[in-house]
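Trainee: Chains X and A, in that order, give the protein sequences. Its first residue numbered 1, the first sequence is counted upward by one per residue in this note's numbering. Its first residue numbered 1, the second sequence is counted upward by one per residue in this note's numbering.
Among these hints, one or two may not hold up.
What the hints assert, rightly or not - Reference listing, derived: stretches of chain X covered by chain A, where coverage requires no fewer than 3 residues with Cβ under 8 Å from a Cβ of chain A:
hint	segment
1	55 to 67
2	89 to 98
3	103 to 110
Said to hold, decoys possible - The following label-pair restraints were derived from C-beta to C-beta distances:
hint	chain 1	residue 1	chain 2	residue 2	range
4	X	Ser96	A	Gly60	20 to 28 Å
5	A	Asn22	X	Ser96	27 to 35 Å
6	A	Lys42	X	Glu75	34 to 42 Å
Claimed, not checked - Simulated crosslink set (DSBU-like; lysine-lysine; CA at most 35 Å straight-line):
hint	chain 1	residue 1	chain 2	residue 2
7	A	Lys15	X	Lys57
8	A	Lys42	A	Lys95
9	X	Lys9	A	Lys95
10	X	Lys57	A	Lys5
11	A	Lys112	A	Lys95
12	A	Lys42	X	Lys9
13	A	Lys42	X	Lys57
14	A	Lys71	A	Lys112
15	A	Lys112	X	Lys9
16	A	Lys5	A	Lys42
17	A	Lys15	A	Lys58
18	X	Lys57	A	Lys57
19	X	Lys57	A	Lys58
20	A	Lys95	A	Lys5
21	X	Lys9	A	Lys5
The hints are simulated quantities; they were obtained by calculation from the structure and are not laboratory data. Beta carbons are placed, not taken as given, at the ideal position from N, Cα and C, and that holds for glycine.
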Amino acid sequence: DSGVTQTPKHLITATGQRVTLRCSPRSGDLSVYWYQQSLDQGLQFLIQYYNGEERAKGNILERFSAQQFPDLHSELNLSSLELGDSALYFCASSVSGLVGDTIYFGEGSWLTVV
Amino acid sequence: QQQVKQSPQSLIVQKGGISIINCAYENTAFDYFPWYQQFPGKGPALLIAIRPDVSEKKEGRFTISFNKSAKQFSLHIMDSQPGDSATYFCAASMKLEGGKLIFGQGTELSVKP
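If we strip away everything but chain X, and leave its shape as in the complex, we get (with noise of 0.2 Å):
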């Protein structure tokens, strides 16, 4: 166990529906990363949060958005939902953020966009 918390486990929802990830990160970890897992793009790094700033984005569509909060819990919103967008996200967390932390990965939010 990481000791990074993701929910819901599984989710299906429709086209052009609006979805939120939820991430809770290891006690003492102030940074927050998210990556997306699918079959064809491998694990992509979507943005990362470090004590409620982001501090580095990917290849974040626009249509995603996420923040992370006073308590240090994140979220991942991701709306206009796509076949396409179907993926494994994943939510990890490291103690600073900077290069060099391990970095602690939960074990995923499943989303289906039928």
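Please arrange chain A on chain X, whose structure you already have, making use of the hints.
Mentor: Chain A alone, transformed into the frame defined by chain X:
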């Protein structure tokens, strides 16, 4: 270039054999190279990591070999066991971009008894 290229895509090894997975990168600003192991239904977990000022790092049966001039690094799993069957990802990150990891495409390792 932000890519990390990983090969092979899949690997079958007999129990007790050596598993070797290779990665290559272009951006010389990368300065941290971890390997992650992922079992089905689980998130990736850090296995071993190396900095570019070191040519080799060993932890138990797992060794990273790093060739800075060639911009390549590899994971060697000695005495491979069926329990090592998993997907392995190499990754890279750089100071300028904080802790974010750029992952290779992954190698699915199957160790046959």
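Trainee: Hey, Lys9/X versus Lys95/A, does the alpha-carbon distance stay inside 35 Å?
Mentor: holds (32 Å)
Trainee: Would the pair Lys42/A and Lys57/X pass a check requiring their Cα atoms to be no farther apart than 35 Å?
Mentor: Holds - the C-alpha atoms of Lys57/X and Lys42/A are around 24 Å apart, at most 35 Å.
Trainee: With the threshold set at 35 Å, check whether the alpha-carbon distance from Lys42/A to Lys9/X stays at or below it.
Mentor: holds (11 Å)
Trainee: When you check the alpha-carbon spacing of Lys15/A and Lys58/A, does it fall within 35 Å?
Mentor: The hint holds at about 20 Å.
Trainee: Given the hint that Lys112/A pairs with Lys95/A, does the C-alpha gap stay at or below 35 Å?
Mentor: Outside the cut-off at roughly 40 Å; violated.
Trainee: Is it true that the CA of Lys57/X sits at most 35 Å from the CA of Lys58/A?
Mentor: holds (33 Å)
Trainee: Would you say the segment 89 to 98 of chain X counts as covered by chain A, given the rule of at least 3 residues with C-beta under 8 Å?
Mentor: holds (count 6)
Trainee: Holds or violated: Lys112/A and Lys9/X, Cα atoms, limit 35 Å.
Mentor: holds (31 Å)
Trainee: 27 to 35 Å was suggested as the range; check whether the CB atoms of Asn22/A and Ser96/X agree with it.
Mentor: holds (30 Å)
Trainee: For the pair supplied as a hint, Lys71/A and Lys112/A, confirm whether the alpha-carbon distance does not exceed 35 Å.
Mentor: holds (31 Å)
Trainee: Against the 35 Å threshold, does the CA-CA distance of Lys42/A and Lys95/A hold or violate the hint?
Mentor: Since the Cα atoms of Lys42/A and Lys95/A sit roughly 28 Å apart, the hinted pair holds (cutoff 35 Å).
Trainee: Is Lys9/X within 35 Å of Lys5/A, Cα to Cα?
Mentor: The hint holds at about 30 Å.
The structure fails to meet hints 6, 7 and 11 from the earlier list, while all remaining hints are met.
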